[in-house]
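Sequences and hints are given; from them, build the entire structure.
Chains F and X, in that order, are what the protein sequence lines are.
Following my numbering, the numbering of the first sequence begins with 1 at its first residue and continues without gaps.
Following my numbering, the numbering of the second sequence begins with 1 at its first residue and continues without gaps.
These aren't lab readings, by the way, just hints derived from the structure by calculation.
You can trust all of the hints, since none of them are fake.
With beta-carbon atoms standing in for the labels, derived distance ranges:
1. F:L108 x X:K404: 44 to 54 Å
2. F:Q65 x X:V381: 41 to 51 Å
3. F:E193 x X:D305: 53 to 63 Å
Each residue gets a CB set at the ideal place from its N, CA and C atoms; glycine is no exception.
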Amino acid sequence: MKAAVLVFPGSNREGDVAQAIELVTGRRPTMVWHGDGDFEKVDLIVVPGGFSYGDYLRCGAMAAQSPVMAEVKKRAAQGVPVLGICNGFQIVTEAGLLPGTLMRNSHLKFVCADVHLKVETSQSLFTNRYQAGQVIKVPVAHAEGNYFADADTMKRLEDRGQIAFRYCSPEGAVDGSGNPNGSSSNIAGVFNETKTVLGLMPHPENAVEPMFGGTDGKGLFEGMVEALS
Amino acid sequence: MTIAQEKNPPVKLPNEPTITPQIVAEHGLAPDEYERLLKIMGRTPTMVELGIFSAMWSEHCSYKSSKVWLKKLPTSAPWVIQGPGENAGVIDIGDSQAAIFKMESHNHPSYIEPYQGAATGVGGILRDVFTMGARPVANLNALRFGDPSHPKTRHLVSGVVAGIGGYGNCMGIPTVGGETNFHAAYNGNILVNAMTVGIAPTDKIFYAAAAGLGNPMVYVGSKTGRDGIHGATMSSTEFNEDSESKRPTVQVGDPFVEKLLLEACLELMATDAIVAIQDMGAAGLTSSSFEMAAKGGLGLEMALDKVPMRETGMNPYELMLSESQERMLIVLKPGREDEARKIFEKWELDFAVIGHLTDTERMVLSWHGEIVGNIPIPPLVTEAPMYERPWTLTPLPPVLDTAKVPAPQDYKASLLALMGCPDLASKAWIWHQYDHLIMGNTAIRPQDGDAALVRVPQTTKASSHKGLAMTSDCTPRYVQAHPETGGRQAVAEAWRNITATGAQPLAVTDNMNFGNPQKPEIMGQFAGAIMGMAEACKMLDFPVVSGNVSLYNETEGRPILPTPTIGAVGVIDDISKAVGSRLRTAGQALVLIGATQGWLGQSLYLRELYSREEGAPPPVDLAVERRNGDFVRGEIVGGRVAACHDLSDGGLLVALAEMCLAGGTGATMKLPADAGAPHGYLYGEDQGRYLIATDDGNALVAAAAAAGVPATVLGYSGGDSLVVEGLLALPIAELRAVHEAWLPAYMNSAA
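The following block contains the structure:
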């Protein structure tokens, strides 16, 4: 699997995701600078976490307008898989690749903590290593992860199985107890209609080694390798 | 080289006021200090010159009250690459890698404007570390707030925590550890001490000393605005009722720009274009330019009109004294300007050649072609005022007899009271607002061990990874009671906390927070703390490699508790051998290492349950400390320890409760026959002790006996409760509820 990781001014988890990809594939992904409108052909594009352009405007709004995102949109339309994590989720949402928006956390504070996620489906190139209904533990680290979409969109997401992950309790109960940011329907990650674009707030890249946060996030990268190699 | 003579006096700018005694006083210069200035200058200074002397001779920049004492601290060891005097300390951690670290205070600004004060404190210490070529890998912070019931405390906690998180999270540096305490003595002066640790190759460390006649002096980073003018002078006086009006002296931070500056500087450092580099911290362009020139024994000509400006109508005085953030000064090799400019333009940062090095040993400042300032550099530095202020040592208070301290009527209630008190209650509300996981190297998270532990990126093909352990410690009530003991204890506890992870403690950064040094009893606290620290650092091979002094932490005559915060770093060669304090498995033996006398003087038990702050603090026997610690570390690295926690605030029972909470497993212990008074044994704060969980308690006790270390099996892990036979049985869930309730409830309570 050949991957590209985008780098915007203010990106800061690009190294973490590159490290996770290298751990699983044995191959360092290409780092692509935001000003580059064109980059080599890859099997996967990753939009990493951070504070692109300082997030002084609405999170991800500036990055969504950068030259490299125009190229990403073009390739996504051709079916190239795109993974947006945290700020990357905000960016791909702002770019219109995914529905909905990420609002400020309901408690108005930044939150960094392990959370539990319920895998909603194993039928995607991102989640094929997990079982539907499986509970995994990965961390979040954000101030704007409160997913919101209007009622019609929410219904469509549910009907078409576009919800990838939901926050849950350690036992798998999808209720308020496991929701770190007030997200609608406990949504932690969503797909586009073709399930070739995934955006999620949690950081599976920080859960790939036993001593450093556990290994529950590794399946996501292994699954992609399996689907894309 | 000799200092060149001044040819013509500088021009006076339009609207420049005439220097009067009142203007001199407003600049914080004492009359005799102004006399000294006149002798150096040989004439009346211009305003910009006066401003420069004022900043450079402020307590904050000159260390004029503390220098004679700081010299008493040990600063060298075979692994020390750079001791105090540079932007940060540098130690060798093996494999051609260095750890670069420092702790610095931002106390006064954080009280006046908590969000920006704390944020720029983090920004400043990060710059100190990456200026030297290191990529920062971890942040820590030590916070002291006033009484929770004081009307400002909640506002300050909220602002400071948000500011630290806002800056560190955006920079992408994990905030992995620290401490937070509350005491009424900090009501008018909170303490915000921030520490950064970075990693660099040992052959790529950058220093501040300028070199090379004619080499260009380059300004990079943010533009200069009018923020923070006189910040250094403000931090060098006591607060009074007008201090709130000093808000404009607080700087405003932009972590996004600092992130760009970090990446741009590291990119430039990867080339060989840099001769010297210095960040602009306190006293901005003034202190950075003078330090670089003075360290290199050179002169400097700067055209201040070339400085990138954020506002119109700025003048030389403002440009030299602004403390605008996210700026650096760099001496480049000749002809490398274009290469460097390209890097900073890529990162969308300002880049301007503002001057060049000369052989005059003078700082010559020009403004649109006319000279507005001309100062001989060496005397400004070497003839800076230095005071050996009168000092009176605090006498050792009488030792408190344990028999005179009442035992609790209900042990369960007493433990819950301690575990839910502001100093011991869970600080999860704070550290969940800090990204402590970014970079993917955090092995021991906050609350899971005595020190934070971060993996060091590998440079060799070794099968194991090194880990850096780091902590910050001080027990101000001990220092208040007896500064020498308190200084000794702060160093010993930091050493112990590193040891409890299995890492070898290597070096210290000290952040000395005290009141008004012009009072002999305050100067005596400073002197006493230094004596104790020096002794401990020497005995434990734990040199001081960097530090910071913050004096005048007083409001209307009321000083803070003397707080010499000790930041420390240690290394473990194989991170997989490190342990935390989590009790995770049932059936493990709980072994107490070290001797227990039941010392209740200055204990948290005494303060929290009986509102008494009295007696002598627990003595620190450094030889015992070392013997016990070396033994514990050897057992951890040898793989014979499952969890380890040092005993500090609250003593044995609090330590055991913390281990149960961290790992989610209960424990049952029994008092030994020779325990003496149970409340002394359970809550005494005797030093040099650890609580260990191990699969084979008898083997550990035997090994300890062979090493001459006291060790006792107290009980076993397991179950859902914390049980002390005959005294208490407390469900872990109940303990957790109390421990985790206080801070969120306090922060969410109505004003």
